[in-house]
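In terms of the working numbering, the sequence shown opens at residue 411 and continues consecutively.
By construction, these hints were calculated from the structure, which means they are not laboratory data. Just so you know, these numbers come straight off a predicted model, no measurement behind them. The beta-carbon is built from N, C-alpha and C at its ideal position, and this holds for glycine as well. One or more of the hints may lead you astray.
List of simulated lysine to any residue pairs, SDA-like, C-alpha gap at most 25 Å [unchecked claim]:
no., residue 1, residue 2
1, 452, 425
2, 452, 471
3, 452, 509
4, 495, 456
Here are the computed distance ranges between Cβ atoms for each label pair [what the hints assert, rightly or not]:
no., residue 1, residue 2, range
5, 525, 453, 14 to 24 Å
6, 439, 497, 30 to 40 Å
7, 454, 424, 23 to 33 Å
8, 425, 511, 34 to 44 Å
9, 469, 436, 29 to 39 Å
10, 424, 513, 19 to 29 Å
11, 510, 473, 28 to 38 Å
12, 416, 467, 20 to 30 Å
13, 474, 436, 31 to 41 Å
14, 527, 482, 29 to 39 Å
15, 455, 414, 14 to 24 Å
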Amino acid sequence: VQLVESGRGLVQPGGSLRLSCAASGSFSRISDMGWYRQGPGKQRELVAEITGGSSTRYADSVKGRFTISRDNANFMLVLQMNSLKPEDTAVYYCNVRGVRLGVPFDSWGQGTQVTVSS
Numbered sequence: 411v412q413l414v415e416s417g418r419g420l421v422q423p424g425g426s427l428r429l430s431c432a433a434s435g436s437f438s439r440i441s442d443m444g445w446y447r448q449g450p451g452k453q454r455e456l457v458a459e460i461t462g463g464s465s466t467r468y469a470d471s472v473k474g475r476f477t478i479s480r481d482n483a484n485f486m487l488v489l490q491m492n493s494l495k496p497e498d499t500a501v502y503y504c505n506v507r508g509v510r511l512g513v514p515f516d517s518w519g520q521g522t523q524v525t526v527s528s
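The task is simple: from the sequences and hints, build the whole structure.
Written out as structure tokens, the structure reads:
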């Protein structure tokens, strides 16, 4: 399963950015999808995730500012980020879990840089 992320960029504090992740390849089912991030000198952390049933969970630091959504027909994952803060600066990674030929998989994108700075 290949994941291609798009939407990297430099944005001013208070601005918005939209990240997308497209999944391709051969798989039977996609279950949970999520976005993680790793800031400078920090460990990778969960930003938001969405289950196969479209239940969502957010890190406390992004609640009310970020929205995660998925397009099951096109195997797409989107993260809408509003009211961005400098502390949101990080490399953002797409994560997709599912089943391929009866075997669970857990795939990661290569990461996309988000920089929030004036």
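How the hints compare with the structure:
1. 452 - 425: The hint holds at about 23 Å.
2. 452 - 471: holds (15 Å)
3. 452 - 509: Violated - the C-alpha atoms of residue 509 and residue 452 are around 31 Å apart, more than 25 Å.
4. 495 - 456: holds (17 Å)
5. 525 - 453: 14 to 24 Å: holds (19 Å)
6. 439 - 497: 30 to 40 Å: For residue 439 and residue 497 the Cβ distance comes to about 35 Å; the hint holds.
7. 454 - 424: 23 to 33 Å: At roughly 25 Å between Cβ atoms, residue 424 and residue 454 fall inside 23 to 33 Å, so the hint holds.
8. 425 - 511: 34 to 44 Å: holds (42 Å)
9. 469 - 436: 29 to 39 Å: At roughly 32 Å between Cβ atoms, residue 436 and residue 469 fall inside 29 to 39 Å, so the hint holds.
10. 424 - 513: 19 to 29 Å: violated (44 Å)
11. 510 - 473: 28 to 38 Å: holds (32 Å)
12. 416 - 467: 20 to 30 Å: holds (23 Å)
13. 474 - 436: 31 to 41 Å: holds (38 Å)
14. 527 - 482: 29 to 39 Å: holds (35 Å)
15. 455 - 414: 14 to 24 Å: Holds - the Cβ-Cβ distance for residue 455 and residue 414, about 22 Å, lies within 14 to 24 Å.
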